[in-house]
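Asks: If you want the building blocks of each chain, they are given just below.
Protein chains: 2
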Amino acid sequence: MGLRIFGVDPGSNHTGWGVLEVSGSKFTYLAAGTISPKGELSQRLVGIADELDAHLATYKPDAFAIEKVFYAKNINSALVLGHARGVAILSAARQKIPFFEYSATQIKQAATGRGRASKEQVRQMLEMILGAPKKQPLDSSDALAAALCHAQAHHVQNWAQDAR
Amino acid sequence: MGLRIFGVDPGSNHTGWGVLEVSGSKFTYLAAGTISPKGELSQRLVGIADELDAHLATYKPDAFAIEKVFYAKNINSALVLGHARGVAILSAARQKIPFFEYSATQIKQAATGRGRASKEQVRQMLEMILGAPKKQPLDSSDALAAALCHAQAHHVQNWAQDAR
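Protein sequence lines, in the order shown, are assigned to chains A and B. All residue numbers for the first sequence refer to my numbering, where the first residue is -8 and numbers rise by one. All residue numbers for the second sequence refer to my numbering, where the first residue is -8 and numbers rise by one.
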């Protein structure tokens, strides 16, 4: 069995998640989805946490990858995004899954070779590289792309170690 | 037994908490403290969540009060504060404790009668009103002040209902 990587793209209304497996130089899609909880903020946070807890318990990933955030429209949207992101990081940390952050540019670069690719281009490359289902929601493909970015970083690192 | 109110003042490095009891027009201090978790962000979030979970299970409050945030130095500090705040709200929501938000001005007003009082003035009034311990950390007194603000709002509401 290869290394399993779980990616997440948090948001208080839609949180994407995706899992892939790395075996040697082969990357395989396992699962992905979008959590769209209902109700007021506190209930939505419980929805995100409960569903992520369940997926992490099911797939038992070896690593958890998430996008680093530098930009937000304003203080309030940064705060609300922070709520969802904190809850997602908590889910992984409580299950003792090592946590890795990559910038949006690194994630796009890993999927397409271009740091400024569109979300649709990223999704299309994931279909080719991972055999991911066609035209999934962009929150799910963004989450898978974060996982792929860690997979490539890990793969390159292993290759560099083997070459020593 | 009166109504128990749990207040929290979240932060990724120091999270204050405090509990008080309202019985008729009497407000009584029960407990307060500061959670100062160590390690990287993900570990600190687990520290905050675990300790809040434990205090909420111990004191079984009827309400959870937290300061509304409108202001942060920059996007990054709003994000990090959002992480701690999201985790705190999650703890309360998972234990199904109703959640109330008050502005900093409302909270200061409730404790001191002045919306622009200093943190030290708020703390001093809590010592007088609640019999809270002297010179506790300001994170703890801010958390207690949020609880007091909800206690007063609730008290006024009850009084208004009784007067009908």
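Since the hints were derived computationally from the structure, they do not count as laboratory data. It is possible that some hints are incorrect.
Which copy is meant is left open, because identical chains are indistinguishable; a pair holds if it fits in one copy or across any two.
[As the list claims (entries may be wrong)] List time: in silico EDC-like cross-link candidates among lysine to aspartate or glutamate, alpha-carbon distance up to 20 Å:
hint: 1; residue 1: Lys59; residue 2: Glu31
hint: 2; residue 1: Lys87; residue 2: Asp44
hint: 3; residue 1: Lys64; residue 2: Glu12
hint: 4; residue 1: Lys87; residue 2: Glu42
hint: 5; residue 1: Lys87; residue 2: Asp41
hint: 6; residue 1: Lys126; residue 2: Asp41
hint: 7; residue 1: Lys87; residue 2: Glu31
hint: 8; residue 1: Lys125; residue 2: Asp41
hint: 9; residue 1: Lys110; residue 2: Asp53
hint: 10; residue 1: Lys51; residue 2: Glu118
hint: 11; residue 1: Lys125; residue 2: Glu12
hint: 12; residue 1: Lys110; residue 2: Glu42
hint: 13; residue 1: Lys29; residue 2: Glu12
hint: 14; residue 1: Lys87; residue 2: Asp53
hint: 15; residue 1: Lys64; residue 2: Asp44
Asks: Confirm or reject each hint.
Replies: Hints versus structure:
1. Lys59 to Glu31: Between copies, since 15 Å is at most 20 Å while 26 Å is not.
2. Lys87 to Asp44: both (12 Å within a copy, 18 Å between copies)
3. Lys64 to Glu12: neither (34 Å within a copy, 40 Å between copies)
4. Lys87 to Glu42: Both: 17 Å inside a copy, 17 Å across copies.
5. Lys87 to Asp41: Intra 16 Å, inter 14 Å, cutoff 20 Å: intra and inter.
6. Lys126 to Asp41: neither (26 Å within a copy, 39 Å between copies)
7. Lys87 to Glu31: between (29 Å within a copy, 13 Å between copies)
8. Lys125 to Asp41: Neither, since 27 Å and 40 Å both go past 20 Å.
9. Lys110 to Asp53: neither (26 Å within a copy, 45 Å between copies)
10. Lys51 to Glu118: neither (23 Å within a copy, 49 Å between copies)
11. Lys125 to Glu12: Answer is within; shortest intra-copy Cα gap is 18 Å, inter-copy 56 Å.
12. Lys110 to Glu42: Close neither inside one copy (24 Å) nor across copies (39 Å); limit 20 Å.
13. Lys29 to Glu12: neither (31 Å within a copy, 32 Å between copies)
14. Lys87 to Asp53: within (9 Å within a copy, 32 Å between copies)
15. Lys64 to Asp44: Classified as neither: same-chain Cα gap 29 Å, cross-chain 32 Å, threshold 20 Å.
Checked against the numbered hints above, the structure violates hints 3, 6, 8, 9, 10, 12, 13, 15; every other hint is satisfied.
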